[in-house]
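Residue numbers (my numbering): 32 to 443.
Rather than coming from a laboratory, the hints here were simulated on the basis of the structure. Please note: incorrect hints may appear among the correct ones.
Quick list of in silico lysine-lysine cross-link-like pairs, DSSO-like style, CA-CA up to 30 Å [unchecked claim]:
| no. | residue 1 | residue 2 |
| --- | --- | --- |
| 1 | Lys384 | Lys186 |
| 2 | Lys45 | Lys164 |
| 3 | Lys161 | Lys433 |
| 4 | Lys155 | Lys239 |
| 5 | Lys164 | Lys439 |
| 6 | Lys186 | Lys308 |
| 7 | Lys45 | Lys69 |
| 8 | Lys308 | Lys380 |
| 9 | Lys69 | Lys292 |
| 10 | Lys292 | Lys215 |
Label-pair distances were calculated between CB atoms; the ranges are [unchecked claim]:
| no. | residue 1 | residue 2 | range |
| --- | --- | --- | --- |
| 11 | Asn258 | Pro407 | 51 to 61 Å |
| 12 | Asp216 | Leu91 | 55 to 65 Å |
| 13 | Asn258 | Val84 | 46 to 56 Å |
| 14 | Glu251 | Val437 | 36 to 46 Å |
| 15 | Phe370 | Gly290 | 55 to 65 Å |
| 16 | Leu393 | Val430 | 17 to 27 Å |
| 17 | Gly429 | Lys356 | 57 to 67 Å |
| 18 | Gln88 | Leu409 | 24 to 34 Å |
Glycine included, C-beta positions come from ideal geometry on N, C-alpha and C.
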Amino acid sequence: MDKSLNTVMLDSSKCKGCVSCMKRCPTEAIRVRDGKAKVIYDRCIGCAECVRVCPHQAKLPAYDSFDIIHNYKYKIALPAPSLYGQFQNLDSIDRVLNGLLAIGFDDVYEVSSAAELVTEASHKIIAEGKIEKPIISSACPAVLELIIMAYHGLKDHIIDTLAPVDVAARLARERAIAKGIPSKDIGVFFISPCPAKVFALKMGLGLKEPSVDGVLATSEIYFKLANAMSTLDEIKPIAKSGYSGVYWASSGGEAIGTGFKNYLAADGMENVVTVLKDMEDGKLNYIDFVELNACPSGCVGGVLNIENPFVARARLRLLRQNLPKSENSLASVGKDIDFYRWEEMPKTKDVFKLDENRLLALQKLDEIEKLLATLPLLDCGSCGAPSCRAFAEDVINGVIDKDGCVRKNENH
32 MDKSLNTVML
42 DSSKCKGCVS
52 CMKRCPTEAI
62 RVRDGKAKVI
72 YDRCIGCAEC
82 VRVCPHQAKL
92 PAYDSFDIIH
102 NYKYKIALPA
112 PSLYGQFQNL
122 DSIDRVLNGL
132 LAIGFDDVYE
142 VSSAAELVTE
152 ASHKIIAEGK
162 IEKPIISSAC
172 PAVLELIIMA
182 YHGLKDHIID
192 TLAPVDVAAR
202 LARERAIAKG
212 IPSKDIGVFF
222 ISPCPAKVFA
232 LKMGLGLKEP
242 SVDGVLATSE
252 IYFKLANAMS
262 TLDEIKPIAK
272 SGYSGVYWAS
282 SGGEAIGTGF
292 KNYLAADGME
302 NVVTVLKDME
312 DGKLNYIDFV
322 ELNACPSGCV
332 GGVLNIENPF
342 VARARLRLLR
352 QNLPKSENSL
362 ASVGKDIDFY
372 RWEEMPKTKD
382 VFKLDENRLL
392 ALQKLDEIEK
402 LLATLPLLDC
412 GSCGAPSCRA
422 FAEDVINGVI
432 DKDGCVRKNE
442 NH
């Protein structure tokens, strides 16, 4: 699958080659060549840091057009709980859900409802005692991609539960089929706060095939939805979420809902990387559960949202005050625990290996170290690589000439 269609793309006409994105990318997936940013998509985890920091709006997050819903006769919306934080003075989730019906959807299944089910399923899976502690949440696909790409030793710490959106999609589709609607007529669409979820759902992360038919951006649907909500004549009571499900939109919400007292919650890519390094070094073995979110403040901080994440988080806090703790239980759904687990384990990726041939890889590593010893080690980015080591790797791999180090040449 082409990640450039499902993570972020570059508008080269706007790119100034300023290296802001390159310096912030946690996997060094960006280079600046010929004055323009270039993405190494094999290394891209969809965290959207490049979108967040680009001063020229040259990075474009990927998602499906709203018009895609018209390809199906029966259209189901899956709103992320972060969506509710986008609206000022929202007093009821029902207003948003009725608004979605008003703009063209035939049914709505709250992802926050599925989050409550995943919370209970997590309790049971953790109680089996088969996952190494600290247990890492699998909810953020950007973090999951980062682990299977760069922190292979932590893979066995990840809880193998499906993301709430996948559970919501499967249950929503089953509900439609139970109504007598032909499967071919059903389209299920997630309203996403971030491109990492776009890619994960397109790829079917943890599943043998994708659970949704499209992924829409909160930012694109917001204005349609806001207009519809302002003109509703009647608001039907269709919401079935408690505050424990809605709480998943904010950093720490999953951990609190799962009931862990000894947990760690971190958000923002720099903090996530720091925590993963500490875990890899065995510094956090006293922690029971680790919840990591690539976006600041959690999903409310996704780049496909409209509202400032801190404002959205405050709005959700007010909204939750009028909600019961939970409205959903595994017993009410009647599914086996395996329904909530990955169908297949995500495979680790060796995107940083220097060569398929181990001997050649070792030879390249030796050459890199020798070249690195001659560089100024300033990690200035002037060469178009994020660090001196990355520059040395590019030289040895034949991507750039060794004379590309501007600062080295200045010293001679």
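Hints and how they fare:
For the hint linking Lys384 to Lys186, the alpha-carbon distance of about 18 Å falls within 30 Å, and the restraint holds. Distance restraint check for Lys45 and Lys164: the Cα-Cα separation of roughly 45 Å exceeds the 30 Å cut-off, and the hinted pair is therefore not satisfied. Distance check on the hinted pair: Lys161 and Lys433 sit about 49 Å apart at the alpha-carbon level, beyond 30 Å; violated. Restraint check for Lys155 and Lys239: satisfied, since their Cα atoms lie roughly 23 Å apart, inside the 30 Å limit.
In summary, the hint linking Lys164 to Lys439 is not supported, as the alpha carbons are separated by about 46 Å, beyond the 30 Å threshold. Simply put, Lys186 and Lys308 have alpha-carbon atoms about 13 Å apart, close enough for the 30 Å limit, and the pair holds. Between Lys45 and Lys69, the direct Cα distance comes to roughly 13 Å. Compliance with the 30 Å bound is thereby established for this hinted pair. For the given pair, Lys308 sits about 18 Å from Lys380 by alpha-carbon distance, which is consistent with the 30 Å threshold.
Proximity of Lys69 to Lys292 is assessed by CA-CA distance (about 43 Å); at most 30 Å being required, the pair is judged violated. Taken as a hint, the Lys292 and Lys215 pair is broken in the structure, with Cα atoms around 45 Å apart against an allowance of 30 Å. For Asn258 and Pro407, the Cβ-Cβ distance of about 56 Å falls inside the hinted range of 51 to 61 Å, so the restraint holds. Against the hinted window of 55 to 65 Å, the Cβ-Cβ separation of Asp216 and Leu91 comes to about 32 Å, which falls outside the hint.
For Asn258 and Val84, the Cβ-Cβ distance of about 31 Å falls outside the hinted range of 46 to 56 Å, so the restraint is violated. A beta carbon spacing of about 41 Å between Glu251 and Val437 agrees with the range 36 to 46 Å that was offered as a hint. Hint check: Phe370 to Gly290, Cβ distance near 21 Å, so the stated range 55 to 65 Å is violated. The supplied range of 17 to 27 Å is met by Leu393 and Val430, whose beta-carbon atoms lie about 20 Å from each other.
Separation of Gly429 from Lys356 is about 59 Å and conforms to the stated range, judged on CB atoms against 57 to 67 Å. For Gln88 paired with Leu409, a C-beta distance near 29 Å keeps the hint of 24 to 34 Å intact.
When each numbered hint is compared with the structure, violations occur for hints 2, 3, 5, 9, 10, 12, 13 and 15.
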